[in-house]
Structure formats: C-alpha cells, structure tokens
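> Quick note, the sequences are listed as chains G and D, same order. The numbers in the first sequence follow numbering that gives the first Met the number 0, run straight up by one, and end at 48. The numbers in the second sequence follow numbering that gives the first Met the number 0, run straight up by one, and end at 611.
Simulated from the structure, these hints should not be mistaken for lab results. Be careful, since some hints might not be right.
[Claimed, not checked] Heads up, simulated SDA-like pairs for lysine to any residue below, C-alpha to C-alpha not over 20 Å straight-line: (1) K437/D x R455/D; (2) K101/D x D5/G; (3) K592/D x I405/D; (4) K101/D x A33/G; (5) K505/D x A123/D; (6) K110/D x D5/G; (7) K447/D x R573/D; (8) K99/D x G23/G; (9) K4/G x L108/D; (10) K15/G x L80/D; (11) K4/G x A123/D; (12) K15/G x R74/D; (13) K486/D x E471/D; (14) K14/G x M75/D; (15) K14/G x R74/D; (16) K318/D x V217/D; (17) K99/D x L26/G; (18) K101/D x G1/G; (19) K4/G x S106/D; (20) K447/D x E265/D; (21) K99/D x E12/G; (22) K4/G x L122/D.
Given the structure is predicted, the values throughout are model-derived calculations rather than measurements.
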Amino acid sequence: MGLLKDLWGFARERKKFWLIPLIGTLLVLSVLVAIAQYSTVAPFIYTLF
Amino acid sequence: MRILGISAYYHDSAAALVRDGTIVAAAQEERFSRKKHDARFPRGAAAYCLAAEGVKLREIDVVVFYDKPWLKFERMLETYLGYAPRGLASFLTAMPLWLKEKLNLRSVLEKELRALDPEAPKLAPLLFTEHHQAHAASAFFASPFQRAAVLCLDGVGEWATTSLWLGADNELTPCWEVDFPHSLGLLYSAFTYYTGFKVNSGEYKVMGLAPYGEPRYVDLIYRHLIDLKADGTFRLNTDYFNYATGLTMTNERFHALFGGPPRKPESPLTQREMDLAASIQAVTEEVVARLARTARREIDAEYLCLAGGVALNCVANGKLLREGLFRDLWVQPAAGDAGGAVGAALAAWHIHHRQPRHSNGGTDSMDGAFLGPSFSDGEIAQSLAASGAVYRRLDDDALCSEVARILAEGKVVGWFQGRMEFGPRALGSRSIIGDPRKPEMQAAMNLKIKFRESFRPFAPSVLAERASDIFELDRPSPYMALVAPVKESLRIPMTEEQQRLFGIDKLNVPRSSVPAITHVDYSARIQTVHRETNQRFHELIRRFEALTGCPVLVNTSFNVRGEPIVCTPEQAYRCFMRTGIDFLVLENFILAKDDQPAAEADDSWRREFELD
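The shape of chain G in the complex, shown without the other chains (with noise of 0.2 Å):
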C-alpha cells in the first residue's frame, strides 16, 4: 500500500503521469514472477490462463 502511496506521490509532484501505466505493469510483472515462485501458489496462476 506504501509503495501505490509513493508511486502517486511521485506522479502528482513530477507530474509524471504517463509513466503509471508503464511502472504500475512492472509492479504487476514482479508480483506474478514472485508467486509464481512458490509452487503452491504456482497452479492457481496456471489456472488463470
């Protein structure tokens, strides 16, 4: 939650908005490359595709 927090604190200062979608897919990417680590979480990731 921090993390949203400071990515949109930083947007609205920098006023950087376009790089949210772009920074926001790599957050998502890192989040499913570590799930899909642990090899208990690794079938329901399969089951998503």
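Dock chain D against chain G, hints included.
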C-alpha cells in the same frame, strides 16, 4: 532533536548523527564491514552513531535518507525508453533489483532500522532528500560560511550531475543543474575505466598519474567527447559512452578514438595511460574553473563550497583556489556519497525543521573530521593482550619524543589515535607516517607497506603555522582537499638529463628537500595540522621538527591496498604485523616490530581484500 542521516545502496554507505544541528558522530560502513566502498545498509555505522550518543534508535526523532529512489527510477526508465531497444541487457539486470528492493526503499529501510532496535515501540519518521541537496547541505551547512555559492559535481544522483546552489543562513536555494547523461564525474570515470583502474575508486590514481603525462588528448576530448560552453556547462557526446545503457563505461567508438582497447587492470602502465590521465585531468580542471567563474558571476557570495565525488579532485580544487575567484573555498572532507549522510541530516535540521544556523566565520562544524569511534586504554590493552603483543605504555611527553626520534631514524610508524576520521583521508588518527626527507621513502611505503603501485604520491602533514614556509599555500587545508606547489626555494632543480626523462622514470628523481611528498610536478596534497583539532599529532610533528628542522611528515592511510582504513586496535595490529611498518603506536602504547612474536609470512590480505 536527534537526526540520523543514512546514505546507502549505491556506493560508500554511511551513517551520521546530528543533535540540535551539531554533528556528533559519522562513519562509513566499510570501516565496520571491512568491505571497501560497502554499499549495503550501514548497520555497523548506524549502531556506532547511536552508541556514541548513548541512545537507542527509539530516541532518534527523524531518520533521513540521502536520495529519492522514485526520482532515480524515473531517470532510469526515461533513459531506457530514450535509448530502446539498446540497453535491454542493462534493463533486465537492473529491474529485478529495483522492483524487489530499491523502489520499496521505505519498507526496506524500516526493516533495517527495526533490526537496530527490535523492541522500539515505533520508528521515527523517515524523510528523503535529493542526492545533490544532501551534497550541497554537507558542503554548506558544515562550512564556516554564513553565505556561499555551493557547487556539487559528481557522477549522478537522481538526475543532477552538476548543480549550483546559493547557501545563505539556514537555506539552500537551487540555481540550476546539468542532468544525466551529461556528467563530469562519469566522464572522469570513463577514463578511469579506460586506463585500467576501478571505477569509483581508481579516480585518485588517474589524478596521481596525470603529472607523469602530457595532455596530448585534450583537443580530441573537446572535439569528440564534450561540448564545453563558456559558462562551464557541457554536453557529452553519448555516442562514445556505454554507461547509459550498457554495463561498461566506454564503447568501441571510444576505444577507436583513442587507438585501442582499455588497458587491462594490473598490466604495466605506459606513457599512453599517463597522457590520457593528464588530458582528462586538464579538461576537468577547465570545466571546474569555468563553472566556478559562472558561480562567482551569478551568485552574490564571496565564498565557495564544494561537494560531490569530483570535489575530491584536490588538484582541481587547488588550481581553483589559486585563481582567486573567491575569498576562500571549503570542501566537504567526505565529499563523496558517504558525506551524503551528514548532508541529509543537516538538511533535515535546517531546511525541513527550519532551524537557524550561525557560523563563526572561522571554523567549520566537522570537528577536524574526527567523528568516528575511539578506544580507551583499557580496550587497547585488552586487545593487545589477546593478540599476544609485546608493548610498552608511555606518557604523552615521552611518547611524542620517542616517536619523533624513531621517525627521524627513517622508520615507518602506524599511528592510531583518538576518533577515526570520516571521509576517505587519514588525517592523523588512522595514519601510517614517515620521514619525508628520505628519498627512498615513497617507493618503500608504496611497495613494502601499502603494496600498491609505485607511482602513487604521498601526502604531507605539516604544522599549520609552518605550512606557508614549505608550500605555496596561504590558508588552512586540514582535510587534504587542496594541492599546492612546494616552495620554489626547497625545490631541487633538475639536470638536463633528468629533464629529458619521460613518464614513470621521473619518479626516482628527488624533487625537493622533502622528496617523499613532492610529486613529479612539484605539487603536494597538503594537510595542515592544527593544535585545536589534532593536538597529539601536532605535538608529534613539533617534536620531529625540533629534532630535524622539518615540520612535515609523510601521512598515508593506515591500510594495505584494497583494505578499508583500520578502525579498531585489532585491525591496526594485524595490518602492522603483515606489512613492513616498523612501529605501531596505539594511543599511549608503543610496539616495535622486532619485539613481537614471530609471525608466519602472511599475505592473506591479498585474498581478504579485493584490489582497488
């Protein structure tokens, strides 16, 4: 109010503690972890700062970090986008670390801080300064000036690589900045890399090598690499560099321009490297001089403060001083990233908390840079007993007399006194010292004691009141931040044959009556020693002068090549035993190498410390 400043995660991590605007402790993590330029969270340094103040983390009111990670991430993303698809490998290397750790720095820092005081009911608020703001604060708020122009020059922080500020009372007003990828620090580092030295630590070597060479490549550098404007601002031609998108500093085009690949580390130095070093040094001096002239023109201030890694280029600083643009200049002794910890803490106090600042116009607030740990007699005796060392304990008077006599006999002494220095220089607390009159001292200290390259010069420590008799310097230089020439009257003129010598052959020609500290261009990186901040070291040099007529000692840091400067008595004893140091002095304890139990030949430092 107590403020803990932290610099970490890039290079030279450090911690500093400021109480009501006074710097009470500061140290670099490498001294505790024994890993040179350690970039990890400064656990040891922060724990030391808290212990020095006698508090736990829960009693700290504010913690401040010296950099804004989101701004840095913005710079990285925009750079990768700007150069895409080049830089994919670098992008893939950097992103996992950033997404996992650096972007979420707030929680990473909170976790580390909590480990320092696990029972703390709650942590102090966490603030972030901009990188150059921390540098500027470390230069101005710690300086003796109430109003000054502040110039910050480094590799890169978030975006800024060069910035000018006006410092007045408790305020720092940004004037303008030059942004990444245009960076004087990175240009210098590119040549450090190209001449076969390690980036972020070999820059001193390039500076030391420069006087052996001729600046033959200056025109080439101006024509192809840097577009330098009359006001000192500049743009680099990024076609020749690889640091924005790659994992090295220079690229094939750069190598073709200078006629070959980078020199392999540890391979023999040739005249080419010396000429390259002389050339980049000349360009750097010109950029710094033009920037300073602009600062003088644009800012209504009579003094100049400098910080950032480039401000450790004491040759450029000395030339700036001699140009006489400003009444005086002050360089933060920890001008590199470690000093950001002090700057961040001072910025939080003066800028964020709007606390007033009063300088006395004379002394700075770095306390001689003696801000690190010290050890009591009891602790030293215990440590020596554990090592099985043979020692004597002398009173102050006998100690200084005996050490002065030993030095005059040409012996080399490890000198360990009081609080450890903050910043890259040893200033008489953790120093190896010797007699500068001995022509063979430079080579002996380089090869048998420091185990480093023979071309590297040594610095003099001179009684402040005698400095102008030996050097062309009319003001204090307590932090070795200035280079000045040895007085004409002390120089030894070269014979015609000697004048024809090139490069490293010049090394063995005695240049003055203090040859061990006189570089091949008759310059010296001066430390003026003041009784007020460095009493025992001052007394020692005074006694040495009484014996020899020479108020100067050779002073180099107490370490071997690649090793962080020693911090504790154990480390000092270990370094003493595995090098050619003849005597070790720890506070009032004196140890002769000949009296120590025979140690087996020990070259383990070669494995323990990576060469810098």
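> Are K437/D and R455/D close enough, with their CA atoms no more than 20 Å apart?
Holds - the C-alpha atoms of R455/D and K437/D are around 16 Å apart, at most 20 Å.
> Is it true that the CA of K486/D sits at most 20 Å from the CA of E471/D?
holds, 6 Å
> Has the given pair, K15/G with L80/D, been kept, meaning a C-alpha gap of at most 20 Å?
holds, 14 Å
> Given the hint that K4/G pairs with L108/D, does the C-alpha gap stay at or below 20 Å?
holds, 17 Å
> Straight-line Cα separation of K318/D and V217/D no greater than 20 Å?
holds, 18 Å
> Does E12/G lie within 20 Å of K99/D when you go C-alpha to C-alpha?
violated, 23 Å
> Holds or violated: K99/D with G23/G, Cα cutoff 20 Å?
With a Cα-Cα distance of about 14 Å, the restraint between K99/D and G23/G holds, given a limit of 20 Å.
> Taking only the CA atoms, is the gap from K14/G to R74/D under or equal to 20 Å?
The hint holds at about 14 Å.
> Would you mind confirming whether the straight-line C-alpha gap from K110/D to D5/G stays at or under 20 Å?
holds, 17 Å
> Starting from K505/D, check that the Cα of A123/D is at most 20 Å away, please.
violated, 57 Å
> For a C-alpha distance cap of 20 Å, please report whether K15/G and R74/D respect it.
Satisfied, since the Cα-Cα distance of roughly 11 Å is no more than 20 Å.
> Within a Cα-Cα threshold of 20 Å, do K99/D and L26/G meet the stated pairing?
Distance of about 9 Å is within 20 Å: holds.
In the structure shown, a violation is registered for the earlier hints numbered 5 and 21, in ascending order.
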